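Student: Spelled out, the chains give:
There are 2 protein chains.
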Amino acid sequence: MQFTSEQRLDSGILEREFTLCEIPGVLWTPVTTPAPLILIGHNGGLHKREPRLVARARYCAEQGYAVAAIDAPGHGDRPSSAVDEQARADLRRAMQAGEPVDEIFESFVVPLVDQAVPEWQATLDALLALPEIGGPVGYSGMTAIGIRLAVVEPRIAAAGLFAGGYVPRAQREEARQVRIPLLFLLQWDDQGNPRQRALDLFDAFGSKEKTLHANVGGHAGTPWFEVEDGDRFFGRHLK
Amino acid sequence: MQFTSEQRLDSGILEREFTLCEIPGVLWTPVTTPAPLILIGHNGGLHKREPRLVARARYCAEQGYAVAAIDAPGHGDRPSSAVDEQARADLRRAMQAGEPVDEIFESFVVPLVDQAVPEWQATLDALLALPEIGGPVGYSGMTAIGIRLAVVEPRIAAAGLFAGGYVPRAQREEARQVRIPLLFLLQWDDQGNPRQRALDLFDAFGSKEKTLHANVGGHAGTPWFEVEDGDRFFGRHLK
Chain A
1 MQFTSEQRLD SGILEREFTL CEIPGVLWTP VTTPAPLILI GHNGGLHKRE PRLVARARYC
61 AEQGYAVAAI DAPGHGDRPS SAVDEQARAD LRRAMQAGEP VDEIFESFVV PLVDQAVPEW
121 QATLDALLAL PEIGGPVGYS GMTAIGIRLA VVEPRIAAAG LFAGGYVPRA QREEARQVRI
181 PLLFLLQWDD QGNPRQRALD LFDAFGSKEK TLHANVGGHA GTPWFEVEDG DRFFGRHLK
Chain B
1 MQFTSEQRLD SGILEREFTL CEIPGVLWTP VTTPAPLILI GHNGGLHKRE PRLVARARYC
61 AEQGYAVAAI DAPGHGDRPS SAVDEQARAD LRRAMQAGEP VDEIFESFVV PLVDQAVPEW
121 QATLDALLAL PEIGGPVGYS GMTAIGIRLA VVEPRIAAAG LFAGGYVPRA QREEARQVRI
181 PLLFLLQWDD QGNPRQRALD LFDAFGSKEK TLHANVGGHA GTPWFEVEDG DRFFGRHLK
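Residue numbers (the UniProt record's numbering), protein chains in the order written: chain A, 1 to 239; chain B, 1 to 239.
Treat the hints with caution; some may be incorrect.
[Said to hold, decoys possible] List time: in silico DMTMM-like cross-link candidates among lysine to aspartate or glutamate, alpha-carbon distance up to 25 Å: (1) A:K239 - A:D125; (2) B:K208 - B:E173; (3) B:K239 - B:E226; (4) B:K208 - A:E228; (5) A:K239 - B:D231; (6) B:K208 - B:D231; (7) A:K239 - B:E228; (8) B:K208 - A:E226; (9) B:K239 - B:E132; (10) B:K208 - B:E153; (11) A:K239 - A:E209; (12) A:K208 - B:E132; (13) B:K239 - B:E228; (14) B:K239 - A:D125; (15) A:K208 - B:D189; (16) A:K208 - A:E153; (17) A:K208 - A:E228; (18) B:K208 - A:D189; (19) B:K208 - B:E228; (20) B:K239 - A:E226; (21) A:K239 - B:E62; (22) B:K239 - A:E62; (23) B:K239 - A:E228; (24) A:K239 - B:E226; (25) A:K208 - B:E173.
Rather than coming from a laboratory, the hints here were simulated on the basis of the structure. This structure is a prediction, so every number in the text was calculated from the model and none was measured.
Input sequences plus hints: build the corresponding full structure.
Tutor: Below, the structure written as C-alpha cells:
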C-alpha cells in the first residue's frame, strides 16, 4: 500500500490517497487512533471522491472512525471496459422502456461482485496492518458487495446496506447466511430498486439483529440524518 | 387540571400525577423549562405507569422535553366496560384461532379513538396553559389515535407511530390527509400486526417526510435504541 497524497483537514482528520496494486483508494483517519474501521463501498459509476461519499466519510471520521473507500473495478479512476459500458447503457434503455432487466443486470454485477470482494479483502489486510487502525470493521455501501463480504469475511462485524432492490440471484441466496447486525436502507420511491424485492431481501437475511430504515423519495434522496443514524448503528457494534 | 402527587427524580426531572375531569395522567418536566411537549399514547390495556412507558418518558424528559401520558378510556386506572372486555377476549380468541378479526377490532377501537382524541385535545389545552410547557408538540404512540390527532389537531407538529398493522378503516382513509413528519415503527414479526397492512399504511400517509423503522422480533421486542432514534426524530422537528 502506497500513500500518494496527504491532507490534514481543519477538523484534524488526516485524508490520504493510496494505491494497492491497481486499486486506488482514500483513507480518512480520526484524531484519536487506533480507531475502528468503516469500509465505504460505492457503485453505479461513483468515484471514490464523489462529494456525498466524501461528506459521509469525513463525518464518520469526525465521530472517531477510520474510513476507507476504494474505486471498484471499472469505476472512478479505473479503466472501464467497453462490455461494461454497453451493459450499463443497455440497462438504462431497458429500464426506461419498462423491459425486464435482470439478465442485463446479472451480466455486469455478478463479475463486479466477484472481483470487488477479494479487492476489499486485500485492502482490509493492508489497512489492518497500519498502527492507526484497530478494532472491529464495518462495511457501508452497495448491497450485493456487502452481502458477499459479510458471508466470506469474518472480520466484518456489522454492515449498513443500501439499495437492495436489484441484487444478483447469488447474493439473494447468500443473504440467508448473513449473521452480522445489519442496517438496511431503502428509498421508498427508488424506481431503479423495486421496493418489494428490497423488502423480501430484508426478510431473507439470517441476522438476529437487522433494522430497516425507509424514507420517501428516489435513489439519491436519502436524508442526511441517515448518515447520523448509520454512525450510531456502527457505534453500537464497533466501539 | 389537578396535580395529585409530585416527585423530584435524581435526574432533576419533576414527575407529577394529575387528573383532568375523569382523565388520570402523568406529566414529566425537564430541568430547563419552558420545554417542547411530547404526548405518549398507549393502548391494549397498558397503564400510564407501565415500566417501559415510564422509562421512555423519563428518557425523553432527560433530553429536554416535557412528556405527558394519560390513561385512555377503559385503560389503566379507569373503569373498563364489560362490553370492551368481552371484545378484547373475543379478539384474542379469534387471533389464536386464525379467524378474521377486523369486525371485532373495529367494534372496540373505533369508539376508543372517538373518545381518546378529544381527551388528548383537552389535555393539550390544559398542558399548554402551564408556564413550564412551550413550543411545538409531538405525539408518540398508538397509530390509530395518532392518525386522527394528526388530522384534527394542528398543534401536533410531528408523530411517532407504533404498530400500524390493525388500524380502523376510518384511520386508514385519514392517513392520506396526514401532512406532518412521521416516524413509523414496525416490529417485523409482530403476529398481532400484519406486516403488509402496516407497509400499506406507511405508503398511504400524505406526509412529505416519513420514515419507516422496522426491527426483527414480536410486538414487545422493540429495541431500546428506537427510543433514542425517536428522540432524535423529535429533536429535528420540535426543537
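Student: Work down the list of hints and note, for each, if the structure agrees.
Tutor: Hints, verified against the model:
no.: 1; hint: A:K239 - A:D125; verdict: 20 Å, holds
no.: 2; hint: B:K208 - B:E173; verdict: 17 Å, holds
no.: 3; hint: B:K239 - B:E226; verdict: 19 Å, holds
no.: 4; hint: B:K208 - A:E228; verdict: 20 Å, holds
no.: 5; hint: A:K239 - B:D231; verdict: 22 Å, holds
no.: 6; hint: B:K208 - B:D231; verdict: 20 Å, holds
no.: 7; hint: A:K239 - B:E228; verdict: 17 Å, holds
no.: 8; hint: B:K208 - A:E226; verdict: 16 Å, holds
no.: 9; hint: B:K239 - B:E132; verdict: 15 Å, holds
no.: 10; hint: B:K208 - B:E153; verdict: 18 Å, holds
no.: 11; hint: A:K239 - A:E209; verdict: 17 Å, holds
no.: 12; hint: A:K208 - B:E132; verdict: 43 Å, violated
no.: 13; hint: B:K239 - B:E228; verdict: 15 Å, holds
no.: 14; hint: B:K239 - A:D125; verdict: 45 Å, violated
no.: 15; hint: A:K208 - B:D189; verdict: 12 Å, holds
no.: 16; hint: A:K208 - A:E153; verdict: 18 Å, holds
no.: 17; hint: A:K208 - A:E228; verdict: 23 Å, holds
no.: 18; hint: B:K208 - A:D189; verdict: 12 Å, holds
no.: 19; hint: B:K208 - B:E228; verdict: 23 Å, holds
no.: 20; hint: B:K239 - A:E226; verdict: 19 Å, holds
no.: 21; hint: A:K239 - B:E62; verdict: 24 Å, holds
no.: 22; hint: B:K239 - A:E62; verdict: 24 Å, holds
no.: 23; hint: B:K239 - A:E228; verdict: 17 Å, holds
no.: 24; hint: A:K239 - B:E226; verdict: 19 Å, holds
no.: 25; hint: A:K208 - B:E173; verdict: 35 Å, violated
When each numbered hint is compared with the structure, violations occur for hints 12, 14, 25.
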